[in-house]
Amino acid sequence: MEENKTIAEQLAGSQERVRYKADVYVSLTNELTEIESVSCAYAPSLPKASADIVEMALSREKLLCCKAKIAKAKEDHAEAVELQKQIANFAILTRRQMQGASRLAEQGYFDKALAILNAMDDRAEAIDDERLNGIKHEAIEHIAYQKAKLCLLKARKNKQEGLPPLSREESARQLSLVYSLTTADHSESCKQDLLNESILNAAILDCEDETNRIHDETTLRAAIERRDYLCSLCPGMHGKAKDQIEIFSKIIQNEFNELSVLYFDEEPNIDKAVAVYSCRAGVSIDEISHEAYRECEDEKSFRTAFLCQMALRKDSSSYKDTAIVLANKADEGDEDALDLLAHFISLPLIDSTKFDLTLKAIKPLSFQKKIDFLAKAVGLGLDEEKQALLFQLILKTRDGQRKIDLEASAANLVYLDFHLSSRLKADFNSLKEDLLRSPRAHKIVTKTRVADLRVFAGENPSALKQPLGKKLKRTTAKSFDLLKAVFYWFFIIGLPAFACALAYALFYLNDLQKSLGTAIYIVPLGILIILLQIIGLQYFGRDERGSAWFRRALGLSGIAMLMCSSVCFGLPVATYPLAELFRLPLLVLGAFAYLSSVAVYKESNRVWRYILLGLFVLSLAVAVALLVYVMMDGAMVR
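Its first residue numbered 1, the sequence shown is counted upward by one per residue in UniProt numbering.
Calculated from the structure, these hints are not laboratory results. Relax, there's no trap hidden among the hints.
Straight-line alpha carbon distances no greater than 16 Å define the calculated EDC-like cross-link-like pairs of lysine to aspartate or glutamate that follow: (1) K314 with D356; (2) K386 with D351; (3) K369 with D331; (4) K300 with D271; (5) K149 with D193; (6) K478 with D405.
Being a predicted model, the structure only gives us computed values, none of them experimental.
Start from the sequences, fold in the hints, and give me the full structure.
The following block contains the structure:
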């Protein structure tokens, strides 16, 4: 209507301009006639004749321009009149067809009424005049609203007659139509009311279909998606539509509970059970009847719960096969298989036969796998009696096979240290000492960046020491019991020291210095010094606190040898014949001991570094000076 008023105003304006330009045309014509009469009355020789002629020519040009404008205005006026006629005809035809469609709908001829509205829609879409765009869009919007109301009227009548509101196809078209309605000439609340009723009709159909169909995990997922789609169309849903959606949700909830029992208990199927569990977000968790579906927080825990339930139902033979398969996978590095076995053995309802079968299945596993398995089982609530049986199995592992990656298993070791049964604490502490007793373990603990391993080694969790040096690439250590430690130190230190003393005794008794020279006395103690260097590297490393003390000990021993060498050089050979044998070897061994300690180990304390360096230089200078003096004295005697 606003568009019609605008066109009528344009038409009135154009008529006014035509009248005005006609008056101008008459006035100019009269002036021109008067000018021509005056020019004829006077002779051409008058002074103003030429100027009058020029003015007359200009006036004629203006007159011609006005004639052209008048012609253009007449054309515009004619087009406006024609456009007004088209608008009037379109409005009259649209009004009549709207009234006809309404009468057909009242009589129950909904299809005929819809056909009329579709024809009107096509005719409106066919308008291609840009000046009619406003009328076109307004008509299309009104027709769309009439279509939506027509479908809802049909649905109401069908419900009154006890029939379904609409067919599935009609309901889908209705939802799409109402959702796409524009609100240029209609209020948003009007659209929301239509959308609310459309959702109500669609939800009624969905509830009926879901009630009558055979349920499975696919239909459950489809129902949840359909319900969520309807809710997304109208967030402000209210009234009967909201109530119907709640009914739909209850149907979905009942279907979920039915399928959860079916696939978990009655006809166990892990794939279908997991598929149903994945739909858990679409139902109320508090109203889930099955405990596993309600309590499990993720799909992995649900799978574990399902497999544990299946394990309880299996007979001993089937369970044994399952346990062996899982143990083999765990031995190959499958952490999920080891975790599942830990869940099996921690089940409160597991019988003694299956418990023993589980222990036999994990018996071939490595020592580290067994420790990790024990930590998992304790964390899952394994009772004290079963903890004792499992721990005894671990203790039966032979010493040669007790290898463990201390950093990888640090978290599990710390957990066991704090949570293992109190009756097993003594045995576990003994095992802990064995794991940390070896030189390799000491070195790993000192250099590790893993806080749990340092706590396991006895450091204060609130004041952990800084790791020293580079992180070790290999963090595997063997268990060292007391007997093995005694033999280790005996063969590494005691036996070589005894062999060194025995070698010196044999050298002296056999007078080897006469044939081989006194340099032979360097070999035994030199080998022992090298062996001590290797032990220090293995136990301390080059860059930890213990290496500084080891360096100081070797440095001081080297300085002591140099001093002994100086004393031997100063003693008379006739009175002390052994001094001649050991003075040169002690000089070489002293220098070797100090220099090798400096090359292999680090000293962070500058005071110790300079003290040892000064003593070494002084003692070496004295020994060398005495050596030169003895050599010169011997040359003079000869």
